[in-house]
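**Q** Residue-level listing of the chains:
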Amino acid sequence: MDLSLCVNGRQYDVDVESGTSLLDVLRDEIHLTGTKESCVEGECGTCTVLIDGRPHDACLLAAHAMEDTEITTIEGIGTADAMSPLQAAIVGAGGVQCGFCTPGIVVTLTALVAEAPCPTEDEIRMALAGNICRCTGYVQIIDAVLQHTSDLSTCAESAS
Amino acid sequence: MSAVGTSAVRSDGPIKARGQARYTVDVGLPGMLHCVLARSTVAAGRIVRLDVSKARQLPGVHAVITAADAPMHRNGMLIRDQELFASTHVRYEGEPVAAVAAETKAIARRAVELIELELEQMSPVVDLDDAVAAGARLVHPEWQTFSMAIPCERYDNVANELMANPPGVDEAFAQAAHIVTDEYRAGRQYQAYLEPKAVVAEYEAGRYTIHVSHQFPFALRDRFADALGIRSSDVRVVGHHIGGAFGGKLDLGIEPYAALLAKATGRPVKLVQERTEDFITCPSRENAIIRIRSAVDAEGQVLGRDFDVLLDAGAFAGDTPFLVSIALFMANGAYRVGPTRVRARAVYTNTAPTGAFRGVSGTYLVFAVERHLDHIAEVVGVDRMAIRLANVLRNGDPLLNGQRLDDASILGEAFAEIERVAPWAQITAPTTTTDPTVALRGIGVAAALWVTNPLPGEATLRLGEDGTIHLISAANDNGSGAVTMGLRQIAAEEFGLDVNDVITTMPDTDVQGFDGGSQGSRTTHVVGRAVHDSAIELRRKILDVASKHLEADVADLELVAGHVGVRGVPDRRVPLSQIATLARGTVGSLNATASYAPALPAYDPSCASGFIFSTFPNPTYHVHLAEVEVDPVTGNVSIVRYVVAQEVGKAINPVGVYGQIQGGVTQGIGYAIYEGIDIGSDGRYQQRTLASYRLPIAPDIPRVEALLLEHPDPAGPFGAKGIAEPPIVPVAAAIANAISAAVGHQINSLPIRPNDVLDAIEAGRAKLQQ
Numbered sequence: 001m002d003l004s005l006c007v008n009g010r011q012y013d014v015d016v017e018s019g020t021s022l023l024d025v026l027r028d029e030i031h032l033t034g035t036k037e038s039c040v041e042g043e044c045g046t047c048t049v050l051i052d053g054r055p056h057d058a059c060l061l062a063a064h065a066m067e068d069t070e071i072t073t074i075e076g077i078g079t080a081d082a083m084s085p086l087q088a089a090i091v092g093a094g095g096v097q098c099g100f101c102t103p104g105i106v107v108t109l110t111a112l113v114a115e116a117p118c119p120t121e122d123e124i125r126m127a128l129a130g131n132i133c134r135c136t137g138y139v140q141i142i143d144a145v146l147q148h149t150s151d152l153s154t155c156a157e158s159a160s
Numbered sequence: 001m002s003a004v005g006t007s008a009v010r011s012d013g014p015i016k017a018r019g020q021a022r023y024t025v026d027v028g029l030p031g032m033l034h035c036v037l038a039r040s041t042v043a044a045g046r047i048v049r050l051d052v053s054k055a056r057q058l059p060g061v062h063a064v065i066t067a068a069d070a071p072m073h074r075n076g077m078l079i080r081d082q083e084l085f086a087s088t089h090v091r092y093e094g095e096p097v098a099a100v101a102a103e104t105k106a107i108a109r110r111a112v113e114l115i116e117l118e119l120e121q122m123s124p125v126v127d128l129d130d131a132v133a134a135g136a137r138l139v140h141p142e143w144q145t146f147s148m149a150i151p152c153e154r155y156d157n158v159a160n161e162l163m164a165n166p167p168g169v170d171e172a173f174a175q176a177a178h179i180v181t182d183e184y185r186a187g188r189q190y191q192a193y194l195e196p197k198a199v200v201a202e203y204e205a206g207r208y209t210i211h212v213s214h215q216f217p218f219a220l221r222d223r224f225a226d227a228l229g230i231r232s233s234d235v236r237v238v239g240h241h242i243g244g245a246f247g248g249k250l251d252l253g254i255e256p257y258a259a260l261l262a263k264a265t266g267r268p269v270k271l272v273q274e275r276t277e278d279f280i281t282c283p284s285r286e287n288a289i290i291r292i293r294s295a296v297d298a299e300g301q302v303l304g305r306d307f308d309v310l311l312d313a314g315a316f317a318g319d320t321p322f323l324v325s326i327a328l329f330m331a332n333g334a335y336r337v338g339p340t341r342v343r344a345r346a347v348y349t350n351t352a353p354t355g356a357f358r359g360v361s362g363t364y365l366v367f368a369v370e371r372h373l374d375h376i377a378e379v380v381g382v383d384r385m386a387i388r389l390a391n392v393l394r395n396g397d398p399l400l401n402g403q404r405l406d407d408a409s410i411l412g413e414a415f416a417e418i419e420r421v422a423p424w425a426q427i428t429a430p431t432t433t434t435d436p437t438v439a440l441r442g443i444g445v446a447a448a449l450w451v452t453n454p455l456p457g458e459a460t461l462r463l464g465e466d467g468t469i470h471l472i473s474a475a476n477d478n479g480s481g482a483v484t485m486g487l488r489q490i491a492a493e494e495f496g497l498d499v500n501d502v503i504t505t506m507p508d509t510d511v512q513g514f515d516g517g518s519q520g521s522r523t524t525h526v527v528g529r530a531v532h533d534s535a536i537e538l539r540r541k542i543l544d545v546a547s548k549h550l551e552a553d554v555a556d557l558e559l560v561a562g563h564v565g566v567r568g569v570p571d572r573r574v575p576l577s578q579i580a581t582l583a584r585g586t587v588g589s590l591n592a593t594a595s596y597a598p599a600l601p602a603y604d605p606s607c608a609s610g611f612i613f614s615t616f617p618n619p620t621y622h623v624h625l626a627e628v629e630v631d632p633v634t635g636n637v638s639i640v641r642y643v644v645a646q647e648v649g650k651a652i653n654p655v656g657v658y659g660q661i662q663g664g665v666t667q668g669i670g671y672a673i674y675e676g677i678d679i680g681s682d683g684r685y686q687q688r689t690l691a692s693y694r695l696p697i698a699p700d701i702p703r704v705e706a707l708l709l710e711h712p713d714p715a716g717p718f719g720a721k722g723i724a725e726p727p728i729v730p731v732a733a734a735i736a737n738a739i740s741a742a743v744g745h746q747i748n749s750l751p752i753r754p755n756d757v758l759d760a761i762e763a764g765r766a767k768l769q770q
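Those protein sequence lines, which keep their order, are chains C and L. Be aware that the first sequence starts at 1, since it is given in the numbering used here, and climbs by one per residue. Be aware that the second sequence starts at 1, since it is given in the numbering used here, and climbs by one per residue.
Simulated from the structure, these hints should not be mistaken for lab results. Heads up, none of these hints are tricks.
Per the computed footprint, the stretches of chain L lying under chain C, defined by three or more beta-carbons under 8 Å from a beta-carbon of chain C, are:
1) 2-10
2) 243-253
3) 477-488
4) 689-702
Listed next, the stretches of chain C that the computed footprint assigns to chain L, with coverage defined by at least 3 CB atoms under 8 Å from CB atoms of chain L:
5) 28-39
6) 43-56
7) 61-75
8) 98-105
9) 139-153
Residues of chain L placed beyond 12 Å of chain C at every Cβ, according to the derived structure:
10) A70
11) H73
12) Q301
13) R341
14) R441
15) G442
16) S614
All C-beta atoms in this analysis are idealised placements derived from N, C-alpha and C, irrespective of residue type, glycine included.
Input sequences plus hints: build the corresponding full structure.
**A** Structure follows, in structure tokens:
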């Protein structure tokens, strides 16, 4: 069954069985392997992608239902040459260990700061509730977001 | 120092954050086939019929293999008790019976459904006490035919038994003011690494290449060769990024199935476990029963002890015969205790084989010892902190193997650090409320010593033609940062370079020398020392070349900021890149290799039988304090404060050290209050997915307060000790003590889930009303 998807601003035409998950199309057909497969039941968040700017678990989405959406994967965050400031903050704060959860966490937090540029610690924790990290214990990831947003002049003003 | 002691950023951070790091699940090779395993759906049974003919005929299937196609001899880390495929009997739910290779994973799955397996079910051996009772059905009636890689004390369903029976125990009980007896239970814990086990295998010209995310590539190579009955030199293990491991990727796993299929089909074969498959077959931390009986005097001093442990090996021994030895080191925790009798048994059952998980048996042994100490304090009527401070180990005290601890007084310093930030009298002051809806508050404390794994490691340093340092080692970064931060920083410090000028390798057993794997906090300490030793040799070679070029005596040269210069003459210097180029034209490339193996402490070999892990080398010291709030209506527990005082020697990378502490404590919190695997009487796991197995999530976890103690180890690189494994060890103990204090009832089982809390609250109230 033919399918046309817009991923990271580029159109991809693939032919997959009806019912194939977006995750399988991304990893196996388009070869964007930054999105990770882990639990395949929407618990762990390693396959988080943005659908029209909102985070979703790609393992739970039927690829054919995504034809008229804009899909952003981890490969679509930052530029070809550089990490986004948020990515750099996560790396710098020790928010990456084994790294398998990291793409999903970066995607989730990118959506968070796009929607709420100056999140509180509780808001960051709640935003991360659908992303399991088995290595870090979350705190250095949370600190990275707080550090990142406190560097933004808008948040510094709203905090003061 | 410019590199050591800084929070340098890990070298693989950017590619991981961008989704560019390649894990084994991401590896694809031309012509690659996909493997799915057919596994037993019952825990115990006799194979009546196994028919794979329909699966073989399915279009797109290239091969189906069973026990008939695999080497028939058994394999195992310590006891060779395991078949690659079940041949006559299945012994746990999930045991492989066949493997399919097909064009796609979907075809392989359909083929597995066409495999006909007829079983005559048997009553599974599940309960540990039942398994060691006289007349129990044997999981392995043929156990006496198994060969051993290391001698174990075996009988019936016991895979190894440790016994220590020193004089004076019965005399201690005869003069005790109190005898305190307890039984503790701990459930299994799943490593729940996010990258499921995966392998891509190739077979070419008589050699296997195994692409894998594995903690210990050399052990995998040797175990694989032993299992297949081939030379270890006919196996090449190539390491990829590891998507979490925590001990679950230390032994031989699914690699032989992909490899045998690669040989059978002439194509590369990939096998990635599905989550439930991974969950129910992963070597989880073993469940255990710990029984302690202590003879106590009127002041709370323990005069003697009986310590008995049953730990569940599952259907095959794996590394559990090692773990019985840990009981000898943990039986008295971090405290002075009189003569102690220790018996620990690894027991076969018809359940998934268990194995290493960060902190191994130390987690539940410290839980038992520290819970028991709180109970003793209650019985004697002394303060829980006072009894610890009065009996904590001090310099020169022995462990039960006779090993002397020359630095154990660090424990007292750690207690003092905890007291500095969390004054005991203040934080444990009673609050008076009778409102049954107000959260109950409790404080718990626990101490431990923990080992640094002493397996040797090797590092080669080569001066690159551009003046960089190439660090070539099979040392493996499981995510901890030991290679991507620690070893790079140590090498950079040795040569006055920026950490980004140190390039590291991934493991490849064809290329690098032996490394003992990413386990037991060893990499920074052991391989870091090998880096230091090889740096001495490489610096000598560099200075030799530089001395000829600069026409100066070696003694007058210094290596600073990527240059060799004549001391005191700023313009007479030459960059390392030029030295490398000069060397290439004269003496050849400059490199140096060193291996390092920590010295093992002296011990008394007669102290016990069944003893495999004979010493506790390079111990570090730990005190943890937990404050909890218990919701009396729901039974939910919140960890509102968590403090760690930990001896680290020297923090090579403070952010990295903190990450190991915060992460280890988080896994410990999961073990203490969230993560439960219930095993039915049918031998099957009742939790089988990440939806039913509750892992810690971001809203659950407090910001751990970490207090680092630094007593440099003269043998470690820049004084560093092993730091990464132990932050999990005392956590369940501290939290269980805190919850018990909050509810006024001794809680003696892990995990402590909301229903357990509510039961304890009820029991605590009943006790008050008596």
